[in-house]
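Visitor: Since each chain comes alone in its own frame, lean on the hints to assemble the complex.
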Amino acid sequence: ILNVEQSPQSLHVQEGDSTNFTCSFPSSNFYALHWYRWETAKSPEALFVMTLNGDEKKKGRISATLNTKEGYSYLYIKGSQPEDSATYLCAFTYGGTSYGKLTFGQGTILTVHP
Amino acid sequence: DTGVSQDPRHKITKRGQNVTFRCDPISEHNRLYWYRQTLGQGPEFLTYFQNEAQLEKSRLLSDRFSAERPKGSFSTLEIQRTEQGDSAMYLCASSLGAGDEQYFGPGTRLTVT
Chain A
185 ILNVEQSPQS LHVQEGDSTN FTCSFPSSNF YALHWYRWET AKSPEALFVM TLNGDEKKKG
245 RISATLNTKE GYSYLYIKGS QPEDSATYLC AFTYGGTSYG KLTFGQGTIL TVHP
Chain B
3 DTGVSQDPRH KITKRGQNVT FRCDPISEHN RLYWYRQTLG QGPEFLTYFQ NEAQLEKSRL
63 LSDRFSAERP KGSFSTLEIQ RTEQGDSAMY LCASSLGAGD EQYFGPGTRL TVT
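Chains as they are written, first to last, in our numbering: chain A, 185 to 298; chain B, 3 to 115.
It is possible that some hints are incorrect.
What the hints assert, rightly or not - What the simulated footprint calls covered on chain B by chain A, stretch by stretch (three residues with Cβ under 8 Å from a Cβ of chain A suffice, anywhere in the stretch; the number is not a length):
hint, segment
1, 33–43
2, 47–60
3, 63–74
The set of hints was computed from the structure by calculation and includes no laboratory data.
All C-beta atoms, glycine included, are put in the ideal place defined by N, C-alpha and C.
The shape of chain B in the complex, shown without the other chains (with noise of 0.2 Å):
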């Protein structure tokens, strides 16, 4: 197992259109956490699955954001009509448990143009 991986690395998009992303974590870790980084700040906790389950949603989310983890493996993000503000490095992490370590992929950038 190489780590998280993350696709695309990066997505240069129009304003309205919709996009996903996708991350796989490591293998047998059941936990998956969805971070977005803006310019200048760190990364922002987005929304995270234990197993299958999203458990948590951040007021950060709105409407325009879904994710999923449909078998408890890999995990979408998807973003429709998006927006300017939307342009950021969306971060994907993994841990085997709740208080365990988490491990990053390389990020998706997102520009919106």
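The following block holds chain A by itself, in its conformation from the complex (with noise of 0.2 Å):
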């Protein structure tokens, strides 16, 4: 069974604070790790997709860290905006014959107040 774990479950910010969030993935057999952004009503948003151990991404104030050899990325948040308001997934996806499909954690609610 391959289980993806986020953390926190849930986080309520002031706009302006910086904010990270956490995915711990198996470390074996790895292929990706993709984190999206999921705001309501709309579609699932790919942010990032990483492959390589010391992989870091950046896209605005957004940036993603990942370490394939302990399993686990972080992703920040710079100066959170009311906009930023969203669950950010994390999933994995592996080699072998299920090759491609997406094992998703359960997800973190972010919320930044104005």
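Guide: Written out as structure tokens, the structure reads:
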């Protein structure tokens, strides 16, 4: 059984705060780690896809790091804005016969208060 | 192309009824995936297609569930004899190939009363 765990489950921050979330995943047979942002009533939107140990990716105020040896990824948001309020999902893909399908964590619900 | 679309966006049905959902992927995407999300959980994989071939089905997909992608383009997911436990958000995603980024539709929210 492949488990992807995210923490915290929910987070309330004030506008301007910086925050980070954790995603842990099985380190064996790793292929890729994905981060998605899912706003209410919209489609989940891909933020990052990371494949290499030590990868760091950045998009505006959001960045992510990857450690495949120990099986974790961090997502950072600098200077949170109310429009960052969403559910942040990480998902893991592994090699093998089920190559390509995503195994998701339960998500972190972020609420940014003005 | 405006992305992955799903229809309907919401469906309320009575227990025991059959429902069918449709997903239109991004054109020329070979892979199409179905996921289901229940309250408080992340999306869970149900099944996927490579063109018109259904290559894997999750154990979550009971015999009441069937999915098709007849011409390798749009896909349908049918649930027969719906149960209250089927209430969930059903998400469709497509990708160009196996390891490529998956693009999601907005989902169909099913409520079984």
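Visitor: If a hint holds in the structure, say so; if it doesn't, say that too.
Guide: Against the structure, the hints come out as follows:
no., hint, result
1, 33–43, "holds (count 5)"
2, 47–60, "holds (count 3)"
3, 63–74, "violated (count 0)"
Violated hint: 3 only; the structure is consistent with all others.
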